[in-house]
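Visitor: Below are the chains, spelled out letter by letter.
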Amino acid sequence: MSDTVLHIEDLSKQYRLGEVGTGTLSHDINRWWYRLRGKEDPYLRIGEENERTQKGNSNYVWALRNISFEVKQGQVLGIIGRNGAGKSTLLKILSRTTTPTKGNIKIKGRVASLLEVGTGFHPELSGRDNIFLNGAILGMTKTEIRRKFDEIVDFAGVERYIDTPVKRYSSGMYVRLAFGVAAHLESEILIVDEVLAVGDSEFQKKCLGKMGDLSKAEGRTVLFVSHNIQAITTLTKKSVFLDKGRLVDFSSTPEVIKKYLEYNKGNKGMYLDESDSNVPRIRKAMVRTSEPNFTHICGEPLTLEFEFFLPQPLKNGAFAFQVMNNLDMPIVHCWVFNSDRPVFREAGINKLICTIPKFRLYIGSYYLRLTFADNAGNTILQTLDGVCNFEVDIFTRQRDYKWEPNTCTYLEDCEWETK
Amino acid sequence: MTQHTDKTHWDLVIKPKASLFDLHLKDLWQYRDLLAQFVKRDFVAQYKQTIFGPIWNLIQPIMTTIMFLLVFGKIANIPTDGIQPVLFYMSGITIWNYFSVCFTSTSSTFVTNSGIFGKVYFPRLIIPLSVVLSNIVRFGIQFFLLLVMMIWYHFHNYPIHFGLNWLLIPLLVVIMGGIGLGLGIILSSLTTKYRDLSILVGFGVQLLMYATPIVYPLSYLMGKKYRWVIVSNPLTPVTEAFRYALFGTGHFTLSTLGYSILFMVISLLVGILIFSQTERSFMDTV
Numbered sequence: 001m002s003d004t005v006l007h008i009e010d011l012s013k014q015y016r017l018g019e020v021g022t023g024t025l026s027h028d029i030n031r032w033w034y035r036l037r038g039k040e041d042p043y044l045r046i047g048e049e050n051e052r053t054q055k056g057n058s059n060y061v062w063a064l065r066n067i068s069f070e071v072k073q074g075q076v077l078g079i080i081g082r083n084g085a086g087k088s089t090l091l092k093i094l095s096r097t098t099t100p101t102k103g104n105i106k107i108k109g110r111v112a113s114l115l116e117v118g119t120g121f122h123p124e125l126s127g128r129d130n131i132f133l134n135g136a137i138l139g140m141t142k143t144e145i146r147r148k149f150d151e152i153v154d155f156a157g158v159e160r161y162i163d164t165p166v167k168r169y170s171s172g173m174y175v176r177l178a179f180g181v182a183a184h185l186e187s188e189i190l191i192v193d194e195v196l197a198v199g200d201s202e203f204q205k206k207c208l209g210k211m212g213d214l215s216k217a218e219g220r221t222v223l224f225v226s227h228n229i230q231a232i233t234t235l236t237k238k239s240v241f242l243d244k245g246r247l248v249d250f251s252s253t254p255e256v257i258k259k260y261l262e263y264n265k266g267n268k269g270m271y272l273d274e275s276d277s278n279v280p281r282i283r284k285a286m287v288r289t290s291e292p293n294f295t296h297i298c299g300e301p302l303t304l305e306f307e308f309f310l311p312q313p314l315k316n317g318a319f320a321f322q323v324m325n326n327l328d329m330p331i332v333h334c335w336v337f338n339s340d341r342p343v344f345r346e347a348g349i350n351k352l353i354c355t356i357p358k359f360r361l362y363i364g365s366y367y368l369r370l371t372f373a374d375n376a377g378n379t380i381l382q383t384l385d386g387v388c389n390f391e392v393d394i395f396t397r398q399r400d401y402k403w404e405p406n407t408c409t410y411l412e413d414c415e416w417e418t419k
Numbered sequence: 001m002t003q004h005t006d007k008t009h010w011d012l013v014i015k016p017k018a019s020l021f022d023l024h025l026k027d028l029w030q031y032r033d034l035l036a037q038f039v040k041r042d043f044v045a046q047y048k049q050t051i052f053g054p055i056w057n058l059i060q061p062i063m064t065t066i067m068f069l070l071v072f073g074k075i076a077n078i079p080t081d082g083i084q085p086v087l088f089y090m091s092g093i094t095i096w097n098y099f100s101v102c103f104t105s106t107s108s109t110f111v112t113n114s115g116i117f118g119k120v121y122f123p124r125l126i127i128p129l130s131v132v133l134s135n136i137v138r139f140g141i142q143f144f145l146l147l148v149m150m151i152w153y154h155f156h157n158y159p160i161h162f163g164l165n166w167l168l169i170p171l172l173v174v175i176m177g178g179i180g181l182g183l184g185i186i187l188s189s190l191t192t193k194y195r196d197l198s199i200l201v202g203f204g205v206q207l208l209m210y211a212t213p214i215v216y217p218l219s220y221l222m223g224k225k226y227r228w229v230i231v232s233n234p235l236t237p238v239t240e241a242f243r244y245a246l247f248g249t250g251h252f253t254l255s256t257l258g259y260s261i262l263f264m265v266i267s268l269l270v271g272i273l274i275f276s277q278t279e280r281s282f283m284d285t286v
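Chains as they are written, first to last, in this note's numbering: chain W, 1 to 419; chain D, 1 to 286.
One or more of the hints may lead you astray.
Per label pair, the in silico range of CB-to-CB distance [to be verified]:
| hint | chain 1 | residue 1 | chain 2 | residue 2 | range |
| --- | --- | --- | --- | --- | --- |
| 1 | W | Trp32 | D | Val44 | 43 to 49 Å |
| 2 | W | Glu186 | D | Trp166 | 45 to 51 Å |
| 3 | W | Trp33 | D | Val111 | 41 to 47 Å |
| 4 | W | Lys237 | D | Phe43 | 56 to 62 Å |
| 5 | W | Glu124 | D | Val265 | 35 to 41 Å |
| 6 | W | Lys237 | D | Pro170 | 54 to 60 Å |
Calculated cross-link-like contacts (lysine-lysine; reagent style DSS-like; alpha-carbon spacing at most 25 Å) [to be verified]:
| hint | chain 1 | residue 1 | chain 2 | residue 2 |
| --- | --- | --- | --- | --- |
| 7 | W | Lys72 | W | Lys216 |
| 8 | W | Lys142 | D | Lys48 |
| 9 | W | Lys72 | W | Lys259 |
| 10 | D | Lys26 | W | Lys106 |
| 11 | W | Lys238 | W | Lys206 |
| 12 | W | Lys402 | W | Lys258 |
| 13 | W | Lys148 | W | Lys108 |
| 14 | D | Lys26 | W | Lys108 |
| 15 | W | Lys72 | W | Lys284 |
| 16 | D | Lys40 | W | Lys142 |
| 17 | W | Lys238 | W | Lys148 |
| 18 | W | Lys148 | D | Lys15 |
| 19 | D | Lys15 | W | Lys108 |
| 20 | W | Lys244 | D | Lys48 |
| 21 | W | Lys244 | W | Lys216 |
| 22 | W | Lys106 | D | Lys15 |
| 23 | D | Lys40 | W | Lys106 |
No lab work stands behind these hints, which were simulated from the structure alone. All C-beta atoms, glycine included, are put in the ideal place defined by N, C-alpha and C.
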């Protein structure tokens, strides 16, 4: 039977928004006064969900709320969630750079956290010195580092540069050396934040491989946070899905990812902002798909409609949208500038319609990311992410083989010749 | 064993509030290699790409000595207790520099290291400790300069008094470093929330120097009304004792030196207590 090495119970973390510093003294005194009378901290009772797109009523938000889960030894656990879901806060508490507001975490064994590659690297010191410095910061003793030294240098592939200051390293070498140190830590639990986003793809594979080895061969526990659904799927069997500071799901990775993708689909096909504030903004965005219910047939024309509200004409307005796939990657980019055609030149409601004559994206779920800007002032007026979800399907087109999902992202027209 | 999961031993429990005396002193010992690495980094990195390297440590006391010699010796005509003036000022500057650098560098611990503190856990006390230790090396270099000057004056009518009182010096350095560290970490903890204090440190240290017998001997204040201010400064007996150890002249007693030691112990205790409370969650307020 496998043992629990990490036990998280009812974990919550509250943050204070706004300008830290103003009013802290009065809040501190108030807190102290409540504590003196044996009452609960008055500011713990307030606080709301961490929804960053809406303006809240209170200055306190819960970055994490009542999170509980367990990790067994040798498990690789994935942690996913949108930006602001509380992933980083959870990692910060786990790696002891901040404390929880409520709840507790029990840990068996040493924890090493890799929230950033190369923490504490000193640019003026040589690669050799930095291995010892960084290793010590991550909790290794000198003898441990000495024992692993050759392995680290080998893994990073920087033997020739080992006595050169790291400020002369290429960024790739720097990252490789830093990850090399971290990967050779002798801790029982390794926490990895999206550090793999850097480095070339060959090295990314090497890192992913190394992390897989760590858990399989050495029985070490790894917590892995990433936006990269592919990496999470290959590396982990179990995952945690956080949203707005709450734990939405904790089960097998495929299940969690399914739920994660469904969550992103929240608003189907249309975005509507009916508030009557007097700022320039996107009022409406909508995709007109070839089929009802926001389903589009690959290869059919796609029309997108946008409505803007302007209190006064923009001098040099611009608007762009990206079609994003469910791995959060932009696939299509379309834009319109004032220099291309007259846009946003009248106050009030402005409409824009964009038609893509042949929308060739392959089967899958897509959504839009919108950017509305005034280039004269070089200011972005508004960005909207995760709006107008729609599906692409090919069920009307016939061919001899079944259409399989995930064969490609883009279906090109092509002509064949036989000679 | 799995049946008693609740009773199993957990190596670490992360809780919202730690008890006041949960100081992680065991952690500190575990991370002693890190302390050595930081000391090395502080020293090596500072002189990379400089021509004179550690010699820069000598320029400052030499220039300051010349300045003091002119202003306080020649212009203000303050006596030096029968000690050769160059040696008098230089000895004061040497011991004072150690205190002031310990105090000012440790007082910004959290603010200057917030980048690294936000990413990885290690006992935060390692950083101020490494500052105090790496500055001992600097103190050593300046002390060496002082010795060279003493040998020079040895052949020019100011013979060196070697004796048991030289054994006082290591103790005095520890007291200076200890008070600097203690006050420094108290301030560093407070500056995470109230940044005003970091402004205070800059000129506060300068003013404090004039409240310590650096540019004048304590004996010069005999019978003056404000003498108690200078005497109540815990750094006063240390400076006087330092000059006594080197030159055989200086006004301190065992009880005044005991006062300095007591002050050091209290400021260190209070400092460590506040520091370990702050280090747990300062990332949210810094």
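Visitor: Holds or violated: Lys72/W and Lys216/W, Cα atoms, limit 25 Å.
Guide: holds (13 Å)
Visitor: Is the gap between the beta carbons of Glu124/W and Val265/D within 35 to 41 Å?
Guide: Roughly 37 Å apart at Cβ, these two residues keep to the hinted range, so it holds.
Visitor: Please verify whether Lys26/D and Lys106/W have alpha carbons no more than 25 Å apart.
Guide: holds (18 Å)
Visitor: Hint check: Lys402/W vs Lys258/W, CA-CA at most 25 Å. Holds or violated?
Guide: Holds, at roughly 22 Å.
Visitor: Verify the proposed pairing of Lys106/W with Lys15/D, using a straight-line Cα cut of 25 Å.
Guide: holds (9 Å)
Visitor: Given the proposed pairing of Lys238/W with Lys148/W, does the C-alpha separation stay at or below 25 Å?
Guide: Answer violated: Lys238/W to Lys148/W is near 30 Å, above 25 Å.
Visitor: Using the C-beta atoms of Glu186/W and Trp166/D, is the stated range 45 to 51 Å upheld?
Guide: holds (46 Å)
Visitor: Given the hint that Lys244/W pairs with Lys216/W, does the C-alpha gap stay at or below 25 Å?
Guide: violated (32 Å)
Visitor: Looking only at beta-carbon atoms, does the pair Trp33/W, Val111/D fall within the given range of 41 to 47 Å?
Guide: violated (28 Å)
Visitor: For the pair supplied as a hint, Lys148/W and Lys108/W, confirm whether the alpha-carbon distance does not exceed 25 Å.
Guide: holds (24 Å)
Visitor: Taking the beta carbons of Lys237/W and Phe43/D, is their distance inside 56 to 62 Å?
Guide: Since the Cβ atoms of Lys237/W and Phe43/D sit about 48 Å apart, the hinted range of 56 to 62 Å is violated.
Visitor: Please work out if Lys244/W and Lys48/D have their alpha carbons no farther apart than 25 Å.
Guide: Violated, because 47 Å separates the two Cα atoms, which is more than 25 Å.
When the structure is compared with the earlier hints, violations turn up for hints 3, 4, 15, 17, 18, 20, 21 and 23 and for no others.
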